[in-house]
Amino acid sequence: MSTTTVAHHEEHAEHPTGIMRWLTTTNHKDIGTMYLTFALIMFFVGGAMILGIRAELFKPGLQLMNPEFFNQLIGVHALIMIFAALMPAATGFANWMIPLQIGAPDMALPRLNNWGFWLLPPSAILLTLPFTLALFGIGDGALATGWTFYPPLSIQGGIGVDFAIFAVHLLGISSVLGSINIIVTVFNMRAPGMTLMKMPMFVWGWLITAFLLIATIPVLAGAVTMLLTDRHFGTHFFDAAGGGDPIMFQHLFWFFGHPEVYILLLPVWGFIPQILETFSRKPMYGYKAQVYSFWGVGVLSVVVWAHHFFTSGMPVPALLYFMYSTMAISLPLAVMFFCWIKTMWKGSMSFETPMLFTVGWIILFGIGGLTGLVLADVAADAQYHNSYFIVAHFHYTLFAGGIMGIMAGTYYWLPKMTGHMYNEKLGKLHFWLTAISFNLTFIPQFFLGLAGMPRRIPDYALQFAEFNMISTIAAFTLGLSQLLFVYNIVTCARGGKKATAQVWEGAQGLEWTLPSPPPYHSFTEQPTVK
Amino acid sequence: MATHSNNQYYVPHGSIYPAVIAAGLLSLASGFIFSVATDKSKDLAYLQAPGKWMMILGAILILSMVFKWMGAVITESVTGQFKGWEDKSFRIGMIVFICSEVAFFAAFFGALFYMRVLSVPELGGYDLDITPYKDFLGTWPSTGPGGMTVSGEFKPGTLHPMAAWGLPAINTALLLSSGATITWAHWGLIKNNRKQLIIGMALTVALGIAFLVCQATEYHEAYTEMGLTLRSGAYGASFFMLTGFHGFHVMLGTIMLIVILLRCMKGHFTPEHHFGFEGVAWYWHFVDVVWLGLFVFVYWL
Chain A
19 MSTTTVAHHE EHAEHPTGIM RWLTTTNHKD IGTMYLTFAL IMFFVGGAMI
69 LGIRAELFKP GLQLMNPEFF NQLIGVHALI MIFAALMPAA TGFANWMIPL
119 QIGAPDMALP RLNNWGFWLL PPSAILLTLP FTLALFGIGD GALATGWTFY
169 PPLSIQGGIG VDFAIFAVHL LGISSVLGSI NIIVTVFNMR APGMTLMKMP
219 MFVWGWLITA FLLIATIPVL AGAVTMLLTD RHFGTHFFDA AGGGDPIMFQ
269 HLFWFFGHPE VYILLLPVWG FIPQILETFS RKPMYGYKAQ VYSFWGVGVL
319 SVVVWAHHFF TSGMPVPALL YFMYSTMAIS LPLAVMFFCW IKTMWKGSMS
369 FETPMLFTVG WIILFGIGGL TGLVLADVAA DAQYHNSYFI VAHFHYTLFA
419 GGIMGIMAGT YYWLPKMTGH MYNEKLGKLH FWLTAISFNL TFIPQFFLGL
469 AGMPRRIPDY ALQFAEFNMI STIAAFTLGL SQLLFVYNIV TCARGGKKAT
519 AQVWEGAQGL EWTLPSPPPY HSFTEQPTVK
Chain B
-13 MATHSNNQYY VPHGSIYPAV IAAGLLSLAS GFIFSVATDK SKDLAYLQAP
37 GKWMMILGAI LILSMVFKWM GAVITESVTG QFKGWEDKSF RIGMIVFICS
87 EVAFFAAFFG ALFYMRVLSV PELGGYDLDI TPYKDFLGTW PSTGPGGMTV
137 SGEFKPGTLH PMAAWGLPAI NTALLLSSGA TITWAHWGLI KNNRKQLIIG
187 MALTVALGIA FLVCQATEYH EAYTEMGLTL RSGAYGASFF MLTGFHGFHV
237 MLGTIMLIVI LLRCMKGHFT PEHHFGFEGV AWYWHFVDVV WLGLFVFVYW
287 L
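Protein sequences appear in the order of chains A and B. For the first sequence, my numbering assigns the number 19 to the initial residue and increments by one for each residue that follows. For the second sequence, my numbering assigns the number -13 to the initial residue and increments by one for each residue that follows.
Just chain A, with the same shape it has in the complex (with noise of 0.2 Å):
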C-alpha cells in the first residue's frame, strides 16, 4: 500500500511565482510559511502597542497619551496577540507539520487552506485600520473595551468596536476553515499503519484544539452578532430594559473565551514531549497517559468558562461548581507535567536552544499553572480580579506556556523548513534573554496586583512606581530580544550550515525521514509506518 502518489497537477514548472505565488498557492508547506510569516509580523505588531502602554507606566501620571488611546492598545494589543499573532503560529505549524508527521501527500483541503489564511490579512487590516481612520479624523480609533468586548461599554463605543466585531468573525471564519482541514487531514490522510494512538503528541494536541474551535468559535461568533444588533438594530440581548442581561455576554464570551486558552496551549503542548524525547534521546514517557489528559483538559475547557467573571454575580452553588471544575483541570495537567519530567529522567540530555527553551517553558508555565490556581479560589479571586496579578498569570500561560513554546518548536523544525542550521550561540542568547527579562516584567507583576493594581488603568499610585519601572525596563529588553529570533531566522532561511534529514541526533518520526528542507510535495509515495 506505499504507493500512494500525489496526482500531479500541480508540476514544479507551473508554479506562479512571485506574488502569484503566494496569492494562489494550495501547497502545505507555502501555505504554513505564510502563517508563521504573518504571525512573526504581527507579533512585533502587538508587541510595539504593549511597549507603548509599558512606556505609559513607566512612572505614575499620564505622559504619552490620553487614557482613551491607552485602552485602545491595550485591547487591540490582546486581540493581535491571541487571535493574529499566537494562532496563526500554531496553524502554521500545523500546516508544516501535520502532513509531514502523519506521511500525507498534502493538507487534505488544500483550497479552503489558502482561503484560511487569506483571511487573515484581511482581518489584521480590520483590527488596526481604526487607529489610521482616526488620524484622519475618521471615528475615534479603536475599540476601548479590552479584548474582551463587555457590554454595555461596547454597544456605546464607537466605529473600532465594529471593526473589531467583524475582525473576530472573519478571524473566527479562518478558524473554522484550518479546523476543518486539520480534523479532515488527520482522520483520512494519515499514512498506513498510522494508528490515531500512534500520531505524535503535536497532532494529537492540533486534533482536539480544532474540535474546541468547532465548538467554541460559533459561539463567540454569535456573541458578537448579537453585540452587533444591539449596536445597531435596536435589539436587546445585553440591556436590561429589554429583558436581556449584560452578563449573559461574560458567558457567551467566555464559553468561547476559557477553551481559547486551550485552544492556543494544546499544539505547544504537543511541541513539548516530542522535543523533550529528541534531546533526552529517549522515547516519551506515558505517550497514552499524555494523548487522556489532552482530551480530559479538552473537555474540562468547555465547562468551567465562568471563574473569569466569579465576581459579576453568580448564584453560591454555581461559583462553587466553576470553582471545583476549574481546580479539576490541574489533575490532567499535573499528568503532564509528571510525564515531561520522566522523560528527561535519567536521559542523556543536551541542551540545544530549543530543549533550552523547553525546560524554560516547563518552569515558567508551571507557574503559571500554579497561579491560575490560586486565581480558581472565589474567596482569594475577589481579590486578585481585575488586578496585574491576573495580568501576570497569564502572561505566564500564553506568553511563556503559549510563544515561548512556538519559539521552542520553531528552533526544533526550522532546519527541517529552511535546510539550514540556526545560530545556536544566538539561539542560545535568545533564550537567556527572554527568560531572563521575561521573569523580570511579570513577576513585578504579581506583587502589584497583590497590592492592589488595577490593570488596564494608565495611571497609578505612587507606592506602585518602582516595580512599574522594572516591569517597563524589562519589557522594552524582552521586545528588543525578540529582534534576535528575526535575525535567526532570516539568516537561516538565507543560508548557513546544511542541515541532515535527521537534523537533530534523537530525532523520531516520519518529518525527519524526508530531506531538509522537504521537497515540495511531501510524500509522493506515503510511508508505511510500523
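The hints are simulated quantities; they were obtained by calculation from the structure and are not laboratory data. Note that beta-carbon positions come from the ideal geometry of N, C-alpha and C, so glycine has one too. Wrong hints could be hidden among the right ones.
As the list claims (entries may be wrong) - Far from chain B by the CB rule (all over 10 Å, computed), these chain A residues:
{"id": "1", "residue": "Pro78"}
{"id": "2", "residue": "Thr166"}
{"id": "3", "residue": "Ala239"}
{"id": "4", "residue": "Ala258"}
{"id": "5", "residue": "Gly260"}
{"id": "6", "residue": "Gly275"}
{"id": "7", "residue": "Ala346"}
{"id": "8", "residue": "Thr389"}
{"id": "9", "residue": "Leu451"}
{"id": "10", "residue": "Ile454"}
{"id": "11", "residue": "Thr490"}
Claimed, not checked - If you anchor each label on the Cβ, the simulated ranges turn out as follows:
{"id": "12", "chain 1": "A", "residue 1": "Gln81", "chain 2": "B", "residue 2": "Ala31", "range": "32 to 42 Å"}
{"id": "13", "chain 1": "A", "residue 1": "Lys443", "chain 2": "B", "residue 2": "Lys38", "range": "49 to 59 Å"}
{"id": "14", "chain 1": "B", "residue 1": "Trp126", "chain 2": "A", "residue 2": "Ala336", "range": "16 to 26 Å"}
{"id": "15", "chain 1": "A", "residue 1": "Tyr342", "chain 2": "B", "residue 2": "Val245", "range": "31 to 41 Å"}
{"id": "16", "chain 1": "A", "residue 1": "Thr509", "chain 2": "B", "residue 2": "Thr65", "range": "42 to 52 Å"}
{"id": "17", "chain 1": "A", "residue 1": "Phe494", "chain 2": "B", "residue 2": "Val245", "range": "55 to 65 Å"}
{"id": "18", "chain 1": "B", "residue 1": "Gly279", "chain 2": "A", "residue 2": "Lys216", "range": "37 to 47 Å"}
{"id": "19", "chain 1": "A", "residue 1": "Pro301", "chain 2": "B", "residue 2": "Val245", "range": "12 to 22 Å"}
{"id": "20", "chain 1": "B", "residue 1": "Ala166", "chain 2": "A", "residue 2": "Tyr310", "range": "35 to 45 Å"}
{"id": "21", "chain 1": "B", "residue 1": "Met251", "chain 2": "A", "residue 2": "Ala346", "range": "39 to 49 Å"}
{"id": "22", "chain 1": "B", "residue 1": "Glu207", "chain 2": "A", "residue 2": "Tyr310", "range": "46 to 56 Å"}
{"id": "23", "chain 1": "A", "residue 1": "Thr35", "chain 2": "B", "residue 2": "Thr65", "range": "23 to 33 Å"}
Dock chain B against the given chain A, drawing on the hints supplied.
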C-alpha cells in the same frame, strides 16, 4: 487510512478565488461599518454612501468568486478527479462544518434560554421597594421591563407572541415533507431512476421556496399588524434572530438545492458517486432539525 480505493490524492491547482473572496469580505465588512457608523456618531453620516458602494463591490466579488470556485469543483468532479479518497475528505469536512453550524445556533438558543429562564424572571423578582420596574411580572414572552417598541419608540405595553399553530405549523409540515422528498430523490439516484430523482429534487426545491414565502408572510404580519419587531425586547430579539438566521440558512439551502437540481437535469451524479447531492441533503436535514428546535422552543412552548 490503510485502504484507499485509489492511490492518488488530488491536490488542485493554485487558485486566486480564496484571496479575492477574502478581499471581498474586507470590502463588505468595512462598507457595512461605514454605512451604519452614523448610528453612534452623527458626524460620520458622510460615510454612508461610500459604505453602501463598498458593500455592493464586496458582495459582487464574493458572489462571482463563489460561483467560479463552485464551478471549478463541479468540473473537477465530472471529469473524475475525485475518487474514494477525496470523497471521504469531503464527507468528514461537511460533517465538521455542520457541527460548527450547530454551535452557532446553540449560541442563540443559549441566549433565548438564558433570558427566558434567568434574566427576565430575575428582573420581575426584585423587591418592590427597590425595583424601578414595579409592574413587571417577569413572565414569558416578554419585552422586558422597559416595554415594547411602537414605530421606533420604546413604549410600555403588552406583547402578542407569534402563535405556533398557524403559519409556523404549516412551515413545520413543509420542511418535514421536504426532508422526505429529498430522501425519496436520493433513493431514485441510488436506483438510477433519474425521473424519480428529478421530481423529488424539484418537489424539495418547491417546498423550500414555499417555506420562505410563508416565513416572509409571517414577518410581514409581525411588523405591520402585531407590532412585533426586532426591537421588541427579549422576545423580539430572540424570535427574529433565531428565525432570521434559520431563514437565511433555508435560503442558502434552497439555492444549493437548485444547483443540485440543475446538475441532476444535466445528468451529473452516478449511483455510486454523488457527494455533492449528499452534502446538500445533509445540510438540508440540519436546517430541518434546527427548525424543529425553533418550533418547539420559540413558537410552541
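Going down the list of hints, with the structure as the test:
A cut-off of 10 Å between C-beta atoms confirms that Pro78(A) is not in contact with chain B; the least separation is 33 Å. Once the 10 Å rule is applied to beta carbons, Thr166(A) is consistent with being away from chain B; the minimum gap is 16 Å. Remark: the non-interface label on Ala239(A) conflicts with the geometry, its nearest Cβ contact in chain B lying 6 Å away (cut-off 10 Å). Residue-level check failed: Ala258(A) sits 6 Å from the nearest beta carbon of chain B, not beyond 10 Å.
The non-interface label for Gly260(A) is inconsistent with chain B: the shortest C-beta to C-beta separation is roughly 4 Å, within 10 Å. For Gly275(A), the non-interface assignment is confirmed: its Cβ lies about 13 Å from the closest Cβ of chain B, beyond the 10 Å cut-off. The claim that Ala346(A) is not at the interface with chain B holds, since no C-beta of that chain comes within 10 Å of its own (minimum 23 Å). The claim that Thr389(A) is not at the interface with chain B holds, since no C-beta of that chain comes within 10 Å of its own (minimum 30 Å).
The claim that Leu451(A) is not at the interface with chain B holds, since no C-beta of that chain comes within 10 Å of its own (minimum 37 Å). With 10 Å as the threshold on Cβ separation, the claim that Ile454(A) sits away from chain B holds: the shortest Cβ distance comes to roughly 40 Å. Its beta-carbon lying about 34 Å from the closest one in chain B, Thr490(A) satisfies the requirement of being farther than 10 Å from that chain. Checked against the hint of 32 to 42 Å, the pair Gln81(A) and Ala31(B) passes, with Cβ atoms roughly 36 Å apart.
For Lys443(A) and Lys38(B), the hinted distance range of 49 to 59 Å is satisfied, since their beta carbons lie about 58 Å from each other. Judged by the Cβ atoms, the range 16 to 26 Å given for Trp126(B) and Ala336(A) holds: they are separated by roughly 22 Å. Taking 31 to 41 Å as the suggested C-beta distance range, the pair Tyr342(A) and Val245(B) does not conform, at roughly 51 Å. Taken as a hint, the range 42 to 52 Å holds for the pair Thr509(A) and Thr65(B), whose Cβ atoms sit roughly 46 Å apart.
Between Phe494(A) and Val245(B) the CB atoms are about 57 Å apart, so this pair conforms to the stated range of 55 to 65 Å. Against the hinted window of 37 to 47 Å, the Cβ-Cβ separation of Gly279(B) and Lys216(A) comes to about 40 Å, which satisfies the hint. Restraint check, Pro301(A) to Val245(B): a C-beta distance of roughly 52 Å breaks the suggested window 12 to 22 Å. A beta carbon spacing of about 43 Å between Ala166(B) and Tyr310(A) agrees with the range 35 to 45 Å that was offered as a hint.
Distance hint check for Met251(B) and Ala346(A): the Cβ-Cβ separation is about 57 Å, which falls outside the suggested range of 39 to 49 Å. At roughly 55 Å, the beta carbons of Glu207(B) and Tyr310(A) sit within the given window of 46 to 56 Å. Taking 23 to 33 Å as the suggested C-beta distance range, the pair Thr35(A) and Thr65(B) conforms, at roughly 27 Å.
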